[in-house]
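First to last, the sequence lines map onto chains A and B.
Numbering of the first sequence is given in the working numbering, commencing with residue 3 and proceeding in unit increments.
Numbering of the second sequence is given in the working numbering, commencing with residue 44 and proceeding in unit increments.
Please note that the accuracy of each hint is not assured.
[What the hints assert, rightly or not] Covered by chain B, per the in silico footprint, the following chain A stretches (three or more residues, Cβ under 8 Å): (1) 47–58; (2) 101–112.
[Said to hold, decoys possible] Which chain A residues face chain B? A few, computed with CB under 10 Å, are given here: (3) Glu5; (4) Val6; (5) Gln8; (6) Phe13; (7) Ser28; (8) Asn29; (9) Ala31; (10) Tyr38; (11) Gln40; (12) Arg68; (13) Arg78; (14) Leu89; (15) Val91; (16) Ser93.
Hint data in this document are derived by calculation from the structure and do not stem from the laboratory.
Just so it is clear, CB atoms sit at the ideal spot from N, CA and C, and this is done for glycine as well.
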Amino acid sequence: RKEVEQDPGPFNVPEGATVAFNCTYSNSASQSFFWYRQDCRKEPKLLMSVYSSGNEDGRFTAQLNRASQYISLLIRDSKLSDSATYLCVVSSGAGSYQLTFGKGTKLSVIP
Amino acid sequence: NAGVTQTPKFRILKIGQSMTLQCTQDMNHNYMYWYRQDPGMGLKLIYYSVGAGITDKGEVPNGYNVSRSTTEDFPLRLELAAPSQTSVYFCASSSPPYRASSYEQYFGPGTRLTVT
């Protein structure tokens, strides 16, 4: 079974903290990797794609280790507005437009 | 652009009833998807479509049917509703794979369905 595994959390962190989320995937043929964000009772939205070289977008850094089939997301200087569930998402296979979603890691940033 | 729209937002069905969840996108995306999300679970793919007239089963298709007569619309039909179909249903769309942004899926706001 092809799966995406995440720590469900919740992660409760104070404002300004750095928090890291980890994700492992089982399908070695997966080529594309993403982090989506889902606010409570809302639809998922793309946060960032994840590239082999690692990539950064402001306070967010994503990294990929293909050999270990491991993806991470680092959030620096957490804001209250970062409170959400973060979904690790991978393509279902080489060239596939179908996505497999992890169950998500819930983050609560506390004042 | 409105993006992906879904109706209704909420619905309560009795066991055995049928209904159609509507999904429309105005981004001229070829690819469309239906997911369900149960509490504490990841999104599960029900059906998808790569273009008008073409549909295929996803991971959890039983109890559902779809059609794709136009690029814009991708309705999901529930026949003989069962309590196990209580869930939040999301429709999504994306560009074809040959475009750089193809893998980003744009989601609608969801339909919360309860079957009692």
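Here's how the hints hold up against the structure:
1. 47–58: holds (count 3)
2. 101–112: Satisfied; 6 residues make the cut.
3. Glu5: 9 Å, holds
4. Val6: Check passed: Cβ of Val6 of chain A comes within 7 Å of chain B, closer than 10 Å.
5. Gln8: 9 Å, holds
6. Phe13: 15 Å, violated
7. Ser28: 13 Å, violated
8. Asn29: Violated. Min distance 13 Å.
9. Ala31: 15 Å, violated
10. Tyr38: Status holds, d = 9 Å.
11. Gln40: 9 Å, holds
12. Arg68: 17 Å, violated
13. Arg78: 24 Å, violated
14. Leu89: Constraint on Leu89 of chain A satisfied, holds at 7 Å.
15. Val91: Holds - the Cβ of Val91 of chain A comes within 10 Å of chain B, reaching about 9 Å at its closest.
16. Ser93: 6 Å, holds
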